[in-house]
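For this one, chain X is given, so just place chain F on it according to the hints.
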Amino acid sequence: MDRRLCEEHIFRGLMYFSVAIVLCSLLAVFAIVVIKGASALDIAMVTQTPQGGYYLGKEGGILNAIIGSVYLSVGAILLATSISLPAAWYLQQFGRASRIAHAIRTLLDIASGIPSLLYGAFIFLIMIMFQARASLLWGIITVGIFIAPLLTRAFDEVMQMVPEKLKEASYSLGATRWETVFRVMTRQAFPGLITAVLVSFGRAIGDAASVLFTAGYTDSIPTSLSDPVATLPLAIFFQLATPFPQVQERAYASGIILLIIVLIISIGSRYLSKRIARYSIK
Amino acid sequence: MSDNEISVKNLNVSIDNREILKRISIEIPKNQITVIIGPSGCGKSTLLRSMNRMIDLVEHVKTEGEIIIDGNNILDPATNLSALRKNVGMIAQAPNPLPMSIYDNVVYGPKIHGMRDPAILDETVELSLKRVGLWDEVHDRLKDPASALSLGQQQRLCLARALAVGPKILLCDETTSALDPISAKHIENELIALKNDYTIIFVTHILRQAKRLADYVVFLYLGEVVECGPAREIFTNPKDPRTKAYLEGVFG
Numbered sequence: 000m001d002r003r004l005c006e007e008h009i010f011r012g013l014m015y016f017s018v019a020i021v022l023c024s025l026l027a028v029f030a031i032v033v034i035k036g037a038s039a040l041d042i043a044m045v046t047q048t049p050q051g052g053y054y055l056g057k058e059g060g061i062l063n064a065i066i067g068s069v070y071l072s073v074g075a076i077l078l079a080t081s082i083s084l085p086a087a088w089y090l091q092q093f094g095r096a097s098r099i100a101h102a103i104r105t106l107l108d109i110a111s112g113i114p115s116l117l118y119g120a121f122i123f124l125i126m127i128m129f130q131a132r133a134s135l136l137w138g139i140i141t142v143g144i145f146i147a148p149l150l151t152r153a154f155d156e157v158m159q160m161v162p163e164k165l166k167e168a169s170y171s172l173g174a175t176r177w178e179t180v181f182r183v184m185t186r187q188a189f190p191g192l193i194t195a196v197l198v199s200f201g202r203a204i205g206d207a208a209s210v211l212f213t214a215g216y217t218d219s220i221p222t223s224l225s226d227p228v229a230t231l232p233l234a235i236f237f238q239l240a241t242p243f244p245q246v247q248e249r250a251y252a253s254g255i256i257l258l259i260i261v262l263i264i265s266i267g268s269r270y271l272s273k274r275i276a277r278y279s280i281k
Numbered sequence: 000m001s002d003n004e005i006s007v008k009n010l011n012v013s014i015d016n017r018e019i020l021k022r023i024s025i026e027i028p029k030n031q032i033t034v035i036i037g038p039s040g041c042g043k044s045t046l047l048r049s050m051n052r053m054i055d056l057v058e059h060v061k062t063e064g065e066i067i068i069d070g071n072n073i074l075d076p077a078t079n080l081s082a083l084r085k086n087v088g089m090i091a092q093a094p095n096p097l098p099m100s101i102y103d104n105v106v107y108g109p110k111i112h113g114m115r116d117p118a119i120l121d122e123t124v125e126l127s128l129k130r131v132g133l134w135d136e137v138h139d140r141l142k143d144p145a146s147a148l149s150l151g152q153q154q155r156l157c158l159a160r161a162l163a164v165g166p167k168i169l170l171c172d173e174t175t176s177a178l179d180p181i182s183a184k185h186i187e188n189e190l191i192a193l194k195n196d197y198t199i200i201f202v203t204h205i206l207r208q209a210k211r212l213a214d215y216v217v218f219l220y221l222g223e224v225v226e227c228g229p230a231r232e233i234f235t236n237p238k239d240p241r242t243k244a245y246l247e248g249v250f251g
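One line per chain: the protein sequences are X and F, in this order.
The opening position of the first sequence corresponds to residue 0 in numbering that gives the first Met the number 0, with each subsequent residue numbered one higher.
The opening position of the second sequence corresponds to residue 0 in numbering that gives the first Met the number 0, with each subsequent residue numbered one higher.
Hints in this document: simulated from the structure, not taken from any laboratory.
Hints are supplied without guarantee of correctness; some may be wrong.
As the list claims (entries may be wrong) - Calculated pairs, DSSO-like style, for lysine-lysine (alpha carbon to alpha carbon, straight line, at most 27 Å): (1) F/K8 x F/K238; (2) F/K61 x X/K281; (3) F/K184 x F/K110; (4) F/K238 x F/K184; (5) X/K166 x F/K129; (6) F/K167 x F/K110; (7) F/K142 x F/K29; (8) F/K110 x F/K210; (9) X/K35 x F/K110; (10) F/K142 x X/K166; (11) F/K61 x F/K129; (12) F/K184 x X/K281; (13) X/K166 x F/K85; (14) F/K21 x F/K61; (15) F/K238 x X/K164; (16) X/K166 x F/K238; (17) F/K29 x X/K273.
Claimed, not checked - These stretches of chain X come out as covered by chain F in the derived footprint (C-beta under 8 Å, 3 or more residues): (18) 35-48; (19) 58-70; (20) 270-280.
It should be emphasised that the depicted structure is a prediction, and the values quoted were computed from it without experimental measurement.
We treat Cβ as the ideally placed atom computed from N, Cα and C, and that holds for glycine.
Okay, chain X solo, but in the shape it has when bound:
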């Protein structure tokens, strides 16, 4: 057989194989979580808070952790976005060869690689300084700070992809740098910005380590920012750590709920970004 054709076949096979591995691992995680958790999933789980001895296999649900996780991640995303978007705007004013921009981007990349547990430990030290108790607010701050570098770089990358000709169009009409960044680049990049927020949301809602010391844990639903708050990843961790098979099953059921939340957010934001993308220049 022709050598080039042979090459073509080998590389195509390799690509299919790689895609298959990625998809299969995803499906395997889904399948195991669903198979092990489906039987424990009932309506009480999503409508009730834990009743006495829930973690010992008694009555109740994990509404506390569901609501807690949603509060915490939405708060953290709002905080991180309000820091990251201006930071990403700031980075757009530098030319491609700028050393300052390069230095900032490198620092942000390093910050994105720091394990979330260390962010938690860092904020915990500050909390001790203020003699503060673990609460929703501190959880939001910790998660917000831990996803901000990630989000900034994601925003930055998306906005750097805005075609030069769009910026030129804006400048040639007399727009300033700021007007161009704000009115044209942000708009063109919007679908990508939404995707970046979505990915960070996944990180925020899925992270257990950063909130271990800072957000606390509670069986009740928080009513203020100063209340401690339960989160789904920690709930799963506690449930898996019990010796009771019945409670361990609930951990997988909690996992299903976590997956469903991420799925809803994902589909919702995709729909939103598609609607806005209709104005984007291809």
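Structure of chain F alone, referenced to chain X:
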């Protein structure tokens, strides 16, 4: 009152210490179409982009000399670029509509320059689109994305968008080169209709187009002005042998 809109005096432009334009001195006549011709890489676009300081976007660019518009040297670092570009509009080589609706594309400029009154904005949109012959085609879908238009329509939209801020001068950088012949003809006709009210500078390397459009011609070669003058003179009786050679298609 002179009949010249722009005076370029001794303009030198270098990028990364490479000389792009050398000692350019030309007068651009008012309310005429001045066509800058010359082979690729001769500095046509650089010259054009100096006139609205878009050249500033290029890194490591150095300009010397003067470009006088309305009595001011616009190369002066203190020049208000926003005001300059309001006065000197530009239409790019390929259509570059902004990522918004047709309506918002046209009002983008006016809004930046402080126009807020919705009635006046509506009127500006209608007038600008009528000027470029696009109104009848799009008036019932102004909220549609600009990217949904055909390329030719997009370029006319870009022209309308440039007109909407009320410039006196229009810079066209091979404005029809990305379009099909019919759309290109459309734009050419509109520019000819516009020259009573605007001073138009059109860069092209297509000789036939230059002959169709030009009232005044500047021939650039290797960063220098070889010859400039009224179109009829340049095209029928070029003085410089290089111009003659270019017009005969020897190079370019």
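Structure-based check of each hint:
1. F/K8 x F/K238: Between F/K8 and F/K238 the Cα gap is close to 22 Å, so the pair holds against 27 Å.
2. F/K61 x X/K281: 34 Å, violated
3. F/K184 x F/K110: With Cα atoms ~31 Å apart, F/K184 and F/K110 exceed 27 Å; violated.
4. F/K238 x F/K184: Answer violated: F/K238 to F/K184 is near 30 Å, above 27 Å.
5. X/K166 x F/K129: The hint holds at about 26 Å.
6. F/K167 x F/K110: Holds, at roughly 18 Å.
7. F/K142 x F/K29: 36 Å, violated
8. F/K110 x F/K210: 37 Å, violated
9. X/K35 x F/K110: 59 Å, violated
10. F/K142 x X/K166: 22 Å, holds
11. F/K61 x F/K129: Judged against 27 Å, a Cα distance of about 40 Å means the pair is violated.
12. F/K184 x X/K281: 26 Å, holds
13. X/K166 x F/K85: 16 Å, holds
14. F/K21 x F/K61: 12 Å, holds
15. F/K238 x X/K164: Not satisfied, since the Cα-Cα distance of roughly 38 Å exceeds 27 Å.
16. X/K166 x F/K238: Not OK: X/K166 and F/K238 at ~41 Å, beyond 27 Å, violated.
17. F/K29 x X/K273: Status violated; Cα separation ~47 Å.
18. 35-48: violated (count 0)
19. 58-70: violated (count 0)
20. 270-280: It holds: at least three residues are needed, and the segment 270-280 of chain X offers 4 whose Cβ sits within less than 8 Å of chain F.
In terms of the numbered hints stated before, the structure departs from hints 2, 3, 4, 7, 8, 9, 11, 15, 16, 17, 18 and 19, listed from lowest to highest.
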